[in-house]
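Okay, here's what each chain looks like letter by letter:
Number of protein chains: 2
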Amino acid sequence: MREAVVGIDIGGTRVKSVLMTPDGGVLAETVHPTPDRVGDQLGELAAKAFVELTAQADEAVEVLAVGVAVPGLVDDEAGIGIWSANLGWRDLDLRGAVAAHVDVPVAVGHDVRSGLLAEHRLGAARDADNVLFVPLGTGLASAILCRGRLVTGSRWTGEIGHVVVAPDGPLCGCGQKGCLEAVSSAGAIGRRWSEATGLVGDAEEVARRAEAGEAEAVRVWQEAVDALAVMVAPIVAAVGTEMVLIGGGLVHAGDTLLEPLRAALRTRLGGRDDVVVEAAALGSRAGSLGAATIALDLVGR
Amino acid sequence: MREAVVGIDIGGTRVKSVLMTPDGGVLAETVHPTPDRVGDQLGELAAKAFVELTAQADEAVEVLAVGVAVPGLVDDEAGIGIWSANLGWRDLDLRGAVAAHVDVPVAVGHDVRSGLLAEHRLGAARDADNVLFVPLGTGLASAILCRGRLVTGSRWTGEIGHVVVAPDGPLCGCGQKGCLEAVSSAGAIGRRWSEATGLVGDAEEVARRAEAGEAEAVRVWQEAVDALAVMVAPIVAAVGTEMVLIGGGLVHAGDTLLEPLRAALRTRLGGRDDVVVEAAALGSRAGSLGAATIALDLVGR
Chain Z
1 MREAVVGIDI GGTRVKSVLM TPDGGVLAET VHPTPDRVGD QLGELAAKAF VELTAQADEA
61 VEVLAVGVAV PGLVDDEAGI GIWSANLGWR DLDLRGAVAA HVDVPVAVGH DVRSGLLAEH
121 RLGAARDADN VLFVPLGTGL ASAILCRGRL VTGSRWTGEI GHVVVAPDGP LCGCGQKGCL
181 EAVSSAGAIG RRWSEATGLV GDAEEVARRA EAGEAEAVRV WQEAVDALAV MVAPIVAAVG
241 TEMVLIGGGL VHAGDTLLEP LRAALRTRLG GRDDVVVEAA ALGSRAGSLG AATIALDLVG
301 R
Chain D
1 MREAVVGIDI GGTRVKSVLM TPDGGVLAET VHPTPDRVGD QLGELAAKAF VELTAQADEA
61 VEVLAVGVAV PGLVDDEAGI GIWSANLGWR DLDLRGAVAA HVDVPVAVGH DVRSGLLAEH
121 RLGAARDADN VLFVPLGTGL ASAILCRGRL VTGSRWTGEI GHVVVAPDGP LCGCGQKGCL
181 EAVSSAGAIG RRWSEATGLV GDAEEVARRA EAGEAEAVRV WQEAVDALAV MVAPIVAAVG
241 TEMVLIGGGL VHAGDTLLEP LRAALRTRLG GRDDVVVEAA ALGSRAGSLG AATIALDLVG
301 R
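So the sequence lines, in the order shown, correspond to chains Z and D.
First residue of the first sequence? That's 1 in full-length UniProt numbering, and the numbers climb one at a time after it.
First residue of the second sequence? That's 1 in full-length UniProt numbering, and the numbers climb one at a time after it.
No wet-lab data here; the hints were simulated from the structure.
One or more of the hints may lead you astray.
[Claimed, not checked] Covered, in the sense of this in silico footprint (three residues per stretch, anywhere, with C-beta under 8 Å from a C-beta of chain Z), are these stretches of chain D:
hint : stretch
1    : 59 to 65
2    : 92 to 106
3    : 142 to 156
4    : 188 to 201
5    : 221 to 234
C-beta atoms are modelled at their ideal positions from N, C-alpha and C, and glycine is treated no differently.
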């Protein structure tokens, strides 16, 4: 019987699950909309994923563990979802809720931190031990690997989205001006460009128009990149990062994103050219593969 | 016989040595000017400190280990001084040089990282496990403690002095504009105020005049504080810092420094008020007590 783990990524809009072998092979996958009050039905949801995935696999599978990755403030070790605005929970015993419905060990982790572990094990950071991971999605958080280990301080670790990077910048949903999320998130890039031009378009549209040299698109895009460099450079310098890994939907823009970011970061770092900036490899699967990775780590595989 | 360790802090202008007991008691201290080509005579220097300190102590002492703290790029584990502009060495086997002249184990560490360990063991960070330490001296570097352990990535870890925090800011000695060191270091504060006013004075003078409300002093002081917050906020958010510990001579300014820094940091962190900003406790002894601390750690005391 093939050994595998179940990884479940609870996102704001979708729950993605994966059945993964220790060498990173994906035997089955499911995607479902995130139900209302998802915090109340995590156990049922995990049990359902377990059944669906093992049924979908082509061969008999022994599930060694289940990993669950969630956004917000998370105590990875205690398995507690401390707070999530999107998912509407506070001090939720995630591990306990899932463990009551499956009879294998359960790992719980922050979605971005787990995603970084997956990139380190299976993706773009396989050869790097000092990594800063920043997925640019609707929201923004970060994760850090130093000498191959996650850096985790207080419960606020990685919450970079509402750090102010442009004091005179655009108003953020949180009420402040110039938060990183209000300038550099995928949502902000589309919104700012639409406001400036009266046209409708998302970040990918802005990327295309920036490539074509349209002035407003270039401005919004460059401001997003510069704000990201303002945030990233101090972290890189303080923790000794060697690879900045950019994830989320925006990386589809490729060098349109990475080249100006490399230039901005090099300038901010005083000309240092020893820090590489790369696109994450696992895309929208980073969360579910991350959840599977922490499950593998839990059982020592 | 009393057990103790020797801690030696090799600075750009002074070599400070201390004989310290496991509970942090200081039995003896010496301060000497840093000799030219100090890298060539580290072993002799350590042996001399060893003899001087034990002779100075009031009682018979068994020295368990020697710790050496140095600035620049340091490989703490390998005991290598990778590079120091001030002290003029490159890839210097610090541990080997000292070990050849003393017959106890030798620990080597970065001065700021070792200083943070001393603050954690003996000083202002005794009750904090998630700490960012920034001594504001002539130069600037940082150290991070997460869950009570030093965070160390690449050899560049902690080199925040030449990260650009004010793109249109003053010219730095390194040739760039707006490096943190060119705005927020003790030297920069004195220099910028002198340039603006034509008067002669150091950072302490500027602090006094800022307290008295003199316009140019207030401006230079506030710009130094704001630049520091630009640097510190991303690090705090990314690694989950709970205490920002400010060291170096500038902390003599007390609340004149700490209060505006608390305000600037709170703003940059989006109103979060869970991060405390405090003055380091060990002052100019942080390096030598830090060197002693890594010696104690090496022998498990």
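Please name the hints from earlier in the document that this structure breaks, with their numbers sorted from lowest to highest.
Going through the list in order, the structure violates hints 1, 2 and 4 and respects the others.
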